[in-house]
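Let the hints inform the model, and build the full structure from the sequences given.
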Amino acid sequence: MSEIHSIVMPKLGLTMQEGLLADWIVAEGDEISAGQHILDIETSKIANSYESPFSGKLHRIVGEVGGTYPVGSLLGVIADAATPAAAVDSFVEEFLANFKPVEAGADAAPSPETATVDGQRMRYLRMGEGEADAVLLIHGFGSDHGTWILNHGALAEGRQVVAVDLPGHGGSTKDVGGTGVSALADRVVSLSKTLGPTRFHVVGHSLGAAVAAHVADKLGASAASLTLIAPVGISADVSADFLDGFLREQRSRKLRPYLEMLSADPSMISVEMVEDVLKAKRVDGAQAALTAIREANLPGGRQSVDIRDIIAAAAYPVQVILGDRDQILPSNGTADLPPSVKRTVIAGSGHVPYLEKANEVNALIQEML
Amino acid sequence: MASALQLSRDDLLKAYRDMRTIREFEDSIHDEFGLGGIPGFVHLYAGEEACAVGVCMSLTDRDAISSTHRGHGHCVAKGCDVEGMMKEIFGKRDGLCQGKGGSMHIADLSKGMLGANGITGAGGPIACGAALSAKLLKTGGVAVCFYGDGSSNQGAILESYNLSKIWNLPVVFVVEDNGYAEATASSWSIGGGSLVKRGGGFGLPAEEVDGHDFFAVYEAAAAMIERARSGQGPSLLHVKLARYYGHFEGDAQTYRAPGEVDKVKSERDSLDLFRQRVIETGLLNGGDLDAVDKEVEGTVVAAIAAAKASSLPTEADLLTNVYVSY
Amino acid sequence: MSKKSFRQAINEALRQEMERDPTVILMGEDISGGTGAPGEQDAWGGPMGVTKGLFTQFGESRVLDTHLAEISFIGAAAGAATTGLRPVAELMFNDFLGTCLDQVMNQAAKFRYMFGGKAQTPLVIRTMYGAGVRAAAQHSQSLYSMVTHIPGLKVVVPSNPYEAKGLLIQSIRDNDPVIFFEHKVLYDMEGEVPDEPYAIPFGQANVTREGDDVTIVAIGRMVNFANAAADALKRQGISCTVVDPRTTSPLDVETLIETVEETGRLVVVDEANPRCSMATDIISTVASRAFDALKTAPLAVTAPHTPVPFSPALEDLFIPSQMKIEEAVRAVMARESNRAAAE
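Quick note, the sequences are listed as chains A, B and C, same order.
Positions 3 to 371 (my numbering) are the ones given, in order, by the first sequence.
Positions 15 to 340 (my numbering) are the ones given, in order, by the second sequence.
Positions 52 to 394 (my numbering) are the ones given, in order, by the third sequence.
Take the hints with a grain of salt, since some may be wrong.
Lysine-lysine pairs mimicking BS3-like chemistry, simulated, CA-CA at most 30 Å apart [as the list claims (entries may be wrong)]:
#1 C/LYS346 / C/LYS285
#2 A/LYS102 / C/LYS54
#3 C/LYS54 / A/LYS195
#4 C/LYS375 / A/LYS47
#5 C/LYS285 / A/LYS47
#6 B/LYS211 / B/LYS254
#7 C/LYS103 / B/LYS152
#8 A/LYS195 / A/LYS176
#9 A/LYS47 / A/LYS281
#10 C/LYS103 / A/LYS176
#11 B/LYS152 / C/LYS169
#12 A/LYS13 / C/LYS285
#13 A/LYS176 / C/LYS54
#14 A/LYS59 / A/LYS176
#15 A/LYS102 / A/LYS59
#16 C/LYS169 / B/LYS125
#17 A/LYS102 / A/LYS195
#18 A/LYS13 / A/LYS102
#19 A/LYS256 / C/LYS54
#20 A/LYS195 / A/LYS283
#21 C/LYS103 / B/LYS28
#22 C/LYS285 / A/LYS256
#23 C/LYS285 / A/LYS281
#24 B/LYS254 / B/LYS277
#25 A/LYS13 / C/LYS54
#26 A/LYS176 / A/LYS47
#27 C/LYS54 / A/LYS47
#28 A/LYS283 / C/LYS54
Short, incomplete list of chain C residues facing chain B, as computed with Cβ under 8 Å [claimed, not checked]:
#29 THR117
#30 ALA128
#31 GLY130
#32 ASP153
#33 GLY242
No wet-lab data here; the hints were simulated from the structure.
For every residue, glycine included, the Cβ atom is placed at its ideal position computed from N, Cα and C.
Shown next, in the form of structure tokens:
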């Protein structure tokens, strides 16, 4: 008899204990293929579309729309179409009888660390251990290490994965000094030297991708690969509307529409995501630092950064991951890339494919590791 | 100890000019109030001039005073603009407080005048605060709290004696005892009878002084202010004086003894005593003083004319200056 | 970012602002503790330990123990604020406003207006409010509505450690007199609080839950009850917006109206007594400005019109609860369906 698969409440990020089943996209009895969007899950931190890991028939819906379930709870059952109802019943019965939700605090999330590099504070979050080449995750403009919520843990098997807060961002210094991407990269490189590992796969998003390109370039032989997600520096224009609104708005309801531009599906932007951005902007010096970084790299509606020469000359593998519905860097889709660069366009994704299509992006990064 | 007789000719002229200005100002307001041109409550300082001027002679703009409902004299003595004051009392837009304070709330913080105050005794804690600022910010400034015999029974004042003592604040409490808290005699309302002894109970050096005698007030206050300025802490000056008008304008003063005010006016008038003293000692001559009288009369007449001529606030002014930002 | 208690968040805000600005001073009864006594100095850090360690770090010219007489030290704080310092005075319990109200209401609040805009009074009065620790009628009231009534004052009622730090920093930097209300039951509440200084602007409500059915407006500690109620109600199929006004003066009327226009139903949760309160004020504001958006009459969940009782059996009944909030929300939902049924 073929296998019966459980669809369970996924753990989205490090601290998630329970989630809300916001919607079933498919109905009982539907044939499902692996990778198909079947559920919408919401936590206080993120709203996410959940893709089925399995192919088969959705025999049973267990989790009700509107219900809040602990991580690991049974939400549905997928199996071969021929599986008898009685077998599904006993599978469900057995699952429910044995299920124990993970207790709060049982697997405490790691805490960010700080280091003083070049005389300034840099904060970062380190996960995983092992001998394999480490990964550096570099967030985009206005974000911080927490943005890798759906990627950080998934990549940290047998290796260290370090997500940094760029100067001016998160818990790092607001005394930015050099505001250009090369100067920002200097700080990340200095930090990388304090971390232990000698080689790094460098992953960056948006403005952080331009920083990542400079980091890899400066690391030279210590760079193992470079993954650029919706990068700044390969096309000419940027949404000034987004940047202006992001910097200007101080209230969640006014800021939200701008953050919604990040994603192809605006409902992905949770209350807490908006609040986290506001919290970051409120920190003393943050607004000035962000404004200076924007002026240096993304003045008006223009990108004053070009990384194409760096990536063309790279001695390590380079890939670019783009969303086909990116409103922030609208010309990235038609950008000219050096032939050596692997290019993947993710359908139905906006400017943040690592959040919108985390599984796909994680798989693409894994290929480089 | 500072001696009033060592004051320069300019200082003496200034003292006389301020006292004369207060008298002229208050007498004129009395007349104008009778004509119906002044809104609200007005409490006149006439008769008490030697106190405000005698104390404030030892103060500069870095020093602060808190004042009372009977505050016009303190304002003049601390350097507030007379025309601005008059406009304020008339409720005009270009008054010292834009017509929002009135007679009982004239203030000019740039002169260290922290406000006349409609709440008796409230200035005690405020003066302590100003003294604390001076002490912690090391400005060298002192604070003087003017209050009445009525206020001397307020908890705010008694607490302020204690706070100023335990924090060793550069503050001088100047109680203007004009014999009446509104219509109640201070001889009846002050338990224990002596404000000097009361000060002593809090460890404040205290003395009583004739408040019609500018020179006596000046010397006693200067010593206390110097004491505060040099870090030796608070003290209390009990100034005995008389007000020439009622508690407020319109007070028939039937509670006073017949002829009480007239007797003070003829025997102990602060301006007369000053004139007598400076002429006797040859410090100033009658001509000097007459010239001041004339000058001051002109100033006050002009202030009243300007106050009458200036505009009232408009509806747009109603909502401004509630907050620095809201 | 790390987990800190409400108490630590306030202590950190005070410390960081004192480090930043030498004119910031603290004063209050036993905010150090032990002054003049034979034993330890900085013995208490206030009765709840909130200011502990600040005397040791900043010394006696920045952290001033006062005598036990509120008129004079609250008034002195007002006077000092108009003459160059930025005092943060601790009024141990908000119930003690009774002793010093003149200095708050007639002095600090009035200086600016009464003096034609010439005075600036950057004064903060931190004060403890609220029921829940069996402190009885004179140490348990919630009096923020009383001071909200007075123009010239700003009134802040933080709901958790993050809010407490950011709003207190804003209070200290603000150039107007601010009364900062700390719920005594919240001091041990923990939450994520950034290590860096940050300021939360006044008059900007925090929408802590977004929903379609009912807007719950809650003040101070009650925000946490309202959030819990909203989460429970969501599981029951009722989705609530929860609004934390953060400051009752200025009040973010725009967000109140906007959220009620989305849901059409309003429940206000206020630990204070019900008459002339924030609850009545918010309901009347919404009713007069957004009457057409209301599908049914708003409800208030408040304390009864009684003093705060001592006996635990009674005090527990006095304080609004998550269950009472849920009942009120279900009631406003039911009322409308009754009306629909009647039509």
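To see whether the hints hold, each was checked on the structure:
| no. | hint | result |
| --- | --- | --- |
| 1 | C/LYS346 / C/LYS285 | 20 Å, holds |
| 2 | A/LYS102 / C/LYS54 | 27 Å, holds |
| 3 | C/LYS54 / A/LYS195 | 29 Å, holds |
| 4 | C/LYS375 / A/LYS47 | 28 Å, holds |
| 5 | C/LYS285 / A/LYS47 | 17 Å, holds |
| 6 | B/LYS211 / B/LYS254 | 15 Å, holds |
| 7 | C/LYS103 / B/LYS152 | 27 Å, holds |
| 8 | A/LYS195 / A/LYS176 | 21 Å, holds |
| 9 | A/LYS47 / A/LYS281 | 14 Å, holds |
| 10 | C/LYS103 / A/LYS176 | 29 Å, holds |
| 11 | B/LYS152 / C/LYS169 | 23 Å, holds |
| 12 | A/LYS13 / C/LYS285 | 20 Å, holds |
| 13 | A/LYS176 / C/LYS54 | 21 Å, holds |
| 14 | A/LYS59 / A/LYS176 | 53 Å, violated |
| 15 | A/LYS102 / A/LYS59 | 26 Å, holds |
| 16 | C/LYS169 / B/LYS125 | 12 Å, holds |
| 17 | A/LYS102 / A/LYS195 | 43 Å, violated |
| 18 | A/LYS13 / A/LYS102 | 15 Å, holds |
| 19 | A/LYS256 / C/LYS54 | 28 Å, holds |
| 20 | A/LYS195 / A/LYS283 | 29 Å, holds |
| 21 | C/LYS103 / B/LYS28 | 52 Å, violated |
| 22 | C/LYS285 / A/LYS256 | 25 Å, holds |
| 23 | C/LYS285 / A/LYS281 | 26 Å, holds |
| 24 | B/LYS254 / B/LYS277 | 15 Å, holds |
| 25 | A/LYS13 / C/LYS54 | 22 Å, holds |
| 26 | A/LYS176 / A/LYS47 | 25 Å, holds |
| 27 | C/LYS54 / A/LYS47 | 17 Å, holds |
| 28 | A/LYS283 / C/LYS54 | 19 Å, holds |
| 29 | THR117 | 7 Å, holds |
| 30 | ALA128 | 6 Å, holds |
| 31 | GLY130 | 2 Å, holds |
| 32 | ASP153 | 6 Å, holds |
| 33 | GLY242 | 28 Å, violated |
Going down the numbered hints, you'll see the structure goes against 14, 17, 21 and 33, while the others check out.
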